[in-house]
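Student: Listed below are the residues making up each chain.
Protein chains: 2
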Amino acid sequence: MRILKLTKDTTNDILNSLLKRSPNNYGSYESSVNEIVQNVKENGDKAILEYTEKFDGVAMKANDLLVTQSEIEEAYKKVDSKLIDVIRKAMVNIKSYHEKQRQYSWFDSQDNGIILGQKVTPLGVVGVYVPGGKAVYPSSVLMNVLPAKVAGVDKIVMTTPPGKDGKVNPSTLVAAHEAGVDEIYKTGGAQAIAALAFGTATIPKTDKIVGPGNIFVALAKKAVFGYVSIDSIAGPSEILVLADETANARFVAADLLSQAEHDELASAILITTSERLANEVSAEVEKFANELSRKEIINKSLDNYGYILVAQTLEQAIDTANEIASEHLEIVMDNPFEIMTKIKNAGAIFLGPYSSEPLGDYFAGPNHVLPTNGTAKFFSPLSVDDFIKKSSIISYSKEALEPIYKDIVQFAECEQLTAHANSIKVRFEDNE
Amino acid sequence: MRILKLTKDTTNDILNSLLKRSPNNYGSYESSVNEIVQNVKENGDKAILEYTEKFDGVAMKANDLLVTQSEIEEAYKKVDSKLIDVIRKAMVNIKSYHEKQRQYSWFDSQDNGIILGQKVTPLGVVGVYVPGGKAVYPSSVLMNVLPAKVAGVDKIVMTTPPGKDGKVNPSTLVAAHEAGVDEIYKTGGAQAIAALAFGTATIPKTDKIVGPGNIFVALAKKAVFGYVSIDSIAGPSEILVLADETANARFVAADLLSQAEHDELASAILITTSERLANEVSAEVEKFANELSRKEIINKSLDNYGYILVAQTLEQAIDTANEIASEHLEIVMDNPFEIMTKIKNAGAIFLGPYSSEPLGDYFAGPNHVLPTNGTAKFFSPLSVDDFIKKSSIISYSKEALEPIYKDIVQFAECEQLTAHANSIKVRFEDNE
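Keeping their order, the protein sequence lines are chains A and B.
Per the working numbering, the first sequence starts with residue 635, numbered consecutively.
Per the working numbering, the second sequence starts with residue 635, numbered consecutively.
Isolated chain A, as found in the complex:
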């Protein structure tokens, strides 16, 4: 891995390079995605079936879209029972963590008859998109579905593209069934997102769409935002490791590679205050990279977006980590909790030598759907928050309104909204 001295210029160059991977920059596909979305909005199932034949290479009827109970049973027979066991173990941790995120309705009352509050309501229907293709991630199914379950969503609908045989990957089906998905439809791509946003005769309209996908899926989600809610648009995966001379170079190298293997756009960055560690990690990376099955992807992503940066000071290292706002941040330093207090921007923060990033991907409990591409500056991990919404509660007695009613009238009249003023005044006509 290349080793660079960390300077303001290096940081800017890297930031610019990383931002080029943003799903916001793929404008050239926008018009074809918009055409697909519009077609599904207007023609429903007919459009879905045409696109499924065109893009997934399988001719289906509307009746075939819903995954049947017997297909789910068939899937259980095909999946290694060890995977089912590990899915169930992971689910316990994921549910337990997300339970702690629950938010509750509250109110505050004053003895003159004022009640103010905030009512929390789960979303009605949620759509979860699961990509198809060769890479199948049952963990992603759990991470997208379980927060919605914990939130108490009425119905969870999943869509995923079928293979050429018209079947869905069995691990996906098993994970969905274990997590408690209510309905699974065999359709993928921008057309699936449009179906979840507008509904078709077969696929229900949802209130919010979550889940990862390729650029067509990401652009379709952006196109339907406003008609429905969406989660943040996912970019390629990232890891940033902040390490000092106490770090184990072999652990750090292995963790960098765990993200580099995702795809050629993935980014793996080490920022260290130790030049010795920089050299050791670089050497360990070379050793591992040649042993691992996905070495082509790893080498490309490291060439494109992999860096070992040697910082002059700890402060500079931390500032740069906050600038980059990485999806995953490992702090492998002598005092990781102290450093954590200085971290403003990161999706998930892993502290200490045994908190390896894949622990968070599968097992620890926190969500692995995290803000990418610098969006940790303003977005949060997927959570129960994504599947609830709030309503304000306002209840005033006559006794409470009377002493302030003239203030409200004054304010409304300053804004030249006389009907607003009138609606307050009418309640005290007898006083006038």
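I should point out that these hints are in silico values taken from the structure, not numbers from a laboratory.
Among the clues, some could well be false.
No distinction is drawn between identical chains; accordingly, a pair holds when it is met within one copy or between any pair of copies.
[What the hints assert, rightly or not] DSBU-like mimics (lysine-lysine), calculated; alpha carbons at most 30 Å apart, straight line:
1) Lys711 to Lys1040
2) Lys856 to Lys753
3) Lys753 to Lys729
4) Lys839 to Lys976
5) Lys856 to Lys839
6) Lys654 to Lys929
7) Lys642 to Lys1040
8) Lys976 to Lys729
9) Lys734 to Lys753
Based on these hints, arrange chain B on the given structure of chain A.
Tutor: Using the frame of chain A, we list chain B on its own:
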């Protein structure tokens, strides 16, 4: 006001009619907005100044964009001191309510060395857009700025279009200064949104943009979503009143009109189980409408989107209210709190005869920036939540990782992510 019998067909017709007002349907302006956004992204201040001359009719230099301390002092001299007093009174309530929305970092630990948690961090820089034009709403400034202040945002930047004299409306300046805005820039429209999203030499890049605006502002916010975060895209204002035979027809009529006066696209709907009340409210609306200063707007919005709907049953009335998912919902019934428990979708819920909607616009404390156009099914009122973000915290000891490390390896290998598996295995090489 027209009185209709509430049926499934009526509801569908009304929903379709209301949804036509959605900012999502103004696609024809999209290309001109995208051009403005792109120009500001590439040419910064130069583009801002050109558009300000073109659209606001005032030639300025980059140095003139920032509102100066002396302009703020001048504004205080021009604003009625009674308005300043009422702004200060309202601020106490707004801050007090939003303080209750604060969320806190938490962690959970187990005695084998596991720490899981969620760190809450305020956003760094927030941009608040304030529309110009004839209608000036200092209340809107308070409602957009104060939640960000309560959240602890580092810097709040406001933009608002200048008049032809190059000045900003004094009430806007006073409200902004009272609320604690750090910098105010004189620029409006899509160009201001682009400046806040990408930054210019003069105007800082922000992490999130909030605030109402016309269709150009709404489309620009949608265009920059992903580069920055935005609040939900505001549509025209709405009120839905659920009332039974105990309601005061004069109060209900006045409240319907308070929203109808906003603009010709505003919607005011009464759903009642009482035919007598329906007739009385209709008569009161006619009386008031002719007395009020904004009667042209009121009559147009009532003709377009005003309805009195007579429900056959209470259940039907409530179901329809949930379908419409109104921005403002008043429950003027014998047992408003019981009915409230059945409300799933509404921006703000006002209970009882003295909780008039304008009380919430100005004074009670809850935010008046609310989801419109059916989006209360999945969006929430603007709140402190909008100005924070979360990071997951994961810390495992060796002792905690060891008993489960083979499960994680198994899961990773099932997903064919061998570098993920490797990053766990490397920590227990001595065991292998």
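Student: Now tell me, hint by hint, if it's right for this structure.
Tutor: Now the hints, each set against the structure:
In this homomeric assembly, lysine 711 and lysine 1040 come within 30 Å of each other (Cα to Cα) only across copies, at 23 Å, whereas the closest approach inside a single copy is 72 Å. For a Cα distance limit of 30 Å, the shortest separation of lysine 856 from lysine 753 qualifies both inside one copy, at 28 Å, and across copies, at 28 Å. For a Cα distance limit of 30 Å, the shortest separation of lysine 753 from lysine 729 qualifies both inside one copy, at 23 Å, and across copies, at 19 Å. In this assembly of identical chains, the alpha carbons of lysine 839 and lysine 976 lie at most 30 Å apart only when taken from different copies (22 Å versus 43 Å within one copy).
In this assembly of identical chains, lysine 856 and lysine 839 lie within 30 Å of each other by CA distance both inside one copy and across copies; the values are 16 Å within and 22 Å between. Only within a single protomer do lysine 654 and lysine 929 lie at most 30 Å apart by alpha-carbon distance; the minimum there is 23 Å, versus 52 Å between protomers. Proximity of lysine 642 and lysine 1040 under a CA criterion of 30 Å is satisfied in neither setting, with 57 Å inside one chain copy and 42 Å between copies. Proximity of lysine 976 to lysine 729 under the C-alpha cut-off of 30 Å is found in both arrangements, the shortest distances being 29 Å within a copy and 27 Å between copies.
Proximity of lysine 734 and lysine 753 under a CA criterion of 30 Å is satisfied in both settings, with 18 Å inside one chain copy and 13 Å between copies.
The structure fails hint 7 only (numbered hints given earlier).
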